[in-house]
Amino acid sequence: MLQLLRVELFKIFCRPRTYIAFAVITVIIILIQVALKYGGREYVNLLMSSSLGETFEVPISQILNGYYICFLIFNLLLIHVPILVALVAGDMIAGEANMGTLRLLASKPIGRTQLLMVKFIATCVYTFLLLIWVVILALFVSVIMFGTDSLVVARELEFNIIAANDVLWRFAAAFCFAAVGLICVAALAFMFSTFADNSIGPIVATVCVIIVLTILTQLQIPFYDDTIKPFLFTTHMLGWKGFFYVEGQNGETIKGSIDNISAIWKSVAVLFGYIGLFLFISIKHFKKKNILS
Amino acid sequence: MKRASWILFLLLFSRCAYTQSAEGLLQQVRQKLELVNDYEAKGKLRTNLLFIKAPIVSVQIFYKKPNKFKIINENGFSFIPKSMANLNLNKFFSSVGDYELLDGGIEVGTNLRVIKLLPIDENSEWVLSVLFINEKNKLVYKIRNTTRESGTYELQLTYGNFIEFGLPDKIAFSFNTKAYKLPKGMTLDYDIGNDKVKNSGVPKKGNVEILFSTYKINKGIADAVFEN
Chain P
1 MLQLLRVELF KIFCRPRTYI AFAVITVIII LIQVALKYGG REYVNLLMSS
51 SLGETFEVPI SQILNGYYIC FLIFNLLLIH VPILVALVAG DMIAGEANMG
101 TLRLLASKPI GRTQLLMVKF IATCVYTFLL LIWVVILALF VSVIMFGTDS
151 LVVARELEFN IIAANDVLWR FAAAFCFAAV GLICVAALAF MFSTFADNSI
201 GPIVATVCVI IVLTILTQLQ IPFYDDTIKP FLFTTHMLGW KGFFYVEGQN
251 GETIKGSIDN ISAIWKSVAV LFGYIGLFLF ISIKHFKKKN ILS
Chain Y
1001 MKRASWILFL LLFSRCAYTQ SAEGLLQQVR QKLELVNDYE AKGKLRTNLL
1051 FIKAPIVSVQ IFYKKPNKFK IINENGFSFI PKSMANLNLN KFFSSVGDYE
1101 LLDGGIEVGT NLRVIKLLPI DENSEWVLSV LFINEKNKLV YKIRNTTRES
1151 GTYELQLTYG NFIEFGLPDK IAFSFNTKAY KLPKGMTLDY DIGNDKVKNS
1201 GVPKKGNVEI LFSTYKINKG IADAVFEN
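Residue numbers (the working numbering), protein chains in the order written: chain P, 1 to 293; chain Y, 1001 to 1228.
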């Protein structure tokens, strides 16, 4: 099994397509960092001054620190990284079928479920490495470029200011949560991949599903808020932010606290539920699939 | 008729004497504050607002005659109300300009002398300042300011170790705030289910406290400290 996993990882990292995601992420993050280095004050001013500027002195230069930049990049990227994950996950089975190697692979003395699981684990490893790359660029490079200070999290109805020494563990937790969210997307693309004979279909299908569901998640329509939204995995993928929502007492943040931790656990459960469901459908279908290519 | 004239004269004289006394009291308060040419203080700042959750931060506060004043965050930061720039009494008196003085008598319960300041300049940002002064130690314990732009805010001062210089150990600053809301499309909030409850209680009053730990008084401060 480990040998098979090595082979699958070798195949993933031999494809040029794999590196598209890493290159795209590098370019986007560097563009954001450079933009904020030279125009960050205007950006923060726009965000803060419209709401607080009349009454408060807004310490813009202190707000614009490495942690804030990283949070901002996470906010922007974790909507788009799923599309990059789909590039590889959607290719895992359909790509083999397209190249005519799936039949050969299925004829090996290994169960189809095992084969599928190995390919899924390889996809997870890729997703994890992609996320680590995001963290290296978004967190560590931003900290080097902008330094550290307290983190300001702007929410719809309140501002949370988190002390610098209470931030790093939140990023670590958010990273783990984001990994679960991205694996959920990978599982979806993987499921589509078992149904198709070329990789374009699963990739496009996954991207379309994510776009539609993300729009539904962001729409402020009460009908969807109460009926569909709580069940969408895209709603729960935002759960990483929950680690940056702190509890307060008389206006003071409680160090190490999380505002409504049960909501995060619920989101984790929902995401694992979806991962299980997508894998179950994939295995169920793949086991009965008549492999002709 | 003669008796009535005498009563009127006495009333006018006593009123005049009372006003003179209020002016004198204010003069004595200002004389006490004049002992301080500059100071550098360290303290802890605590923000209490419904829509801001912030840790307690360490601040450094600098003052230099006549009206230079600055608050610097030492570690971390918080949102400091703009009107808090007038929390220093020396700066307050130097920037209030010319004013008419009204004696408000004695506040029941606290026995503090109430003195109201009305700016003469019609275009002044200040509309009304009410000072609550302890006549015994000649110290201001409360100021209620009404301004054109920032509404009404109140300073409450608690004295202790630096009472001889008229410098407080604690300042509590309360002010009016507007309700705060950012578009959800901008923040891309994760819905944890309790935001709607918070929204029902629109914040009206904010409170910021500074607890001073040390003062360095009249040691000299460079002007560069007050530059941005």
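Derived from the structure by calculation, the hints contain no laboratory data.
Some hints here could point you the wrong way.
What the hints assert, rightly or not - So the derived list for chain Y, only partly shown, Cβ under 10 Å to chain P, looks like this:
#1 I1071
#2 F1077
#3 K1181
#4 M1186
Yeah, the Cβ is synthetic: ideal placement off N, Cα and C, and Gly gets one too.
Problem - Hints violated by the structure (numbers, ascending) - result: Hint check: nothing fails, all pass.
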